[in-house]
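Chemist: Throughout the sequence shown, residue numbering follows full-length UniProt numbering, covering 1 to 204 in sequence.
There may be inaccurate statements among the hints.
For lysine-lysine, the following PhoX-like pairs were computed, each having C-alpha atoms within a straight-line distance of at most 25 Å [stated by the list, open to error]:
1) K43 x K182
2) K98 x K142
3) K145 x K173
4) K157 x K52
5) K98 x K145
Rather than coming from a laboratory, the hints here were simulated on the basis of the structure.
Computed from a prediction, not measured in an experiment: that's the story for all the values here.
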Amino acid sequence: MKYTAILSLLFFVASCKKEAAAPDVSLKSGDIIFQTSTSGQSKAIQLATHSKYSHCGIIFQNDGKDFVFEAVQPVKLTPLNEWIKKGEDSHYVVKRLKDTSVLTPKVLDDMRTVGRGMLGKDYDLYFEWSNMRLYCSELVWKIYKDGAHLEVGYLQKLGDFDLSSPAVKQKLKERYGENIPKDEMVISPQAIFESDLLTTVTEE
């Protein structure tokens with residue numbers, strides 16, 4: 001009986017610790033959040049981009065609650081706590097524009113309008129630079145580009161990434177066969193993460 005009580009207490013403490021994954025700082029609409037995804041392609045993205053993080057989204061607030069606008073299948077708004085739990089070890093980093101004055105209410109409304117046009121679109125497994133389908137960092141980059149007229153992160157060609165790892169080669173073969181579009185323009189989570197326009201506001 002005593003042993004069972006101790007186990008229950010340990011479980012309760014562990015559960016409380018997990019729930020405490022929510023940020024200690026106040027987030028703002030327009031913040032960009034990063035995590036290591038648990039998807040089947042996450043490892044290949046990490047290896048190809050030399051990055052710890054393989055997924056990202058934009059924070060938007062609605063009725064006082066935080067949501068992550070993200071490109072999964074399909075593009076959608078996900079409650080922040082739910083989004084955090086989907087990541088590896090519930091770890092995440094939030095970045096924000098150094099010059100927060102840029103994100104006026106008008107600019108944020110414009111960013112939301114751009115986002116609404118993306119809502120419900122399919123996830124882009126092929127990382128094509130089009131608006132028919134979208135992948136995570138493409139969604140973030142285009143919302144900032146079209147809504148705030150800022151380029152957060154640098155574009156690269158697919159062939160610029162490190163494609164030498166067996167895991168990366170396998171994923172490329174699954175997607176493209178022998179015709180890998182090495183000249184396709186791509187924006188990676190790492191390129192956004194490294195942007196000089198951003199500063200880290202919290203890491204949990």
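Chemist: For every hint, state whether the structure bears it out.
Modeler: Status of each hint after checking the structure:
1. With a CA separation close to 19 Å, the supplied pair K43 and K182 stays within the 25 Å bound.
2. The hinted pair formed by K98 and K142 meets the criterion: a straight-line CA distance of about 19 Å does not exceed 25 Å.
3. The suggested pairing of K145 with K173 is violated, with an alpha-carbon distance near 31 Å, which exceeds 25 Å.
4. Restraint check: the Cα-Cα separation between K157 and K52 comes to about 20 Å, which is no more than 25 Å; the hinted pair holds.
5. The hinted pair formed by K98 and K145 meets the criterion: a straight-line CA distance of about 16 Å does not exceed 25 Å.
Checked against the numbered hints above, the structure breaks only hint 3 and satisfies the rest.
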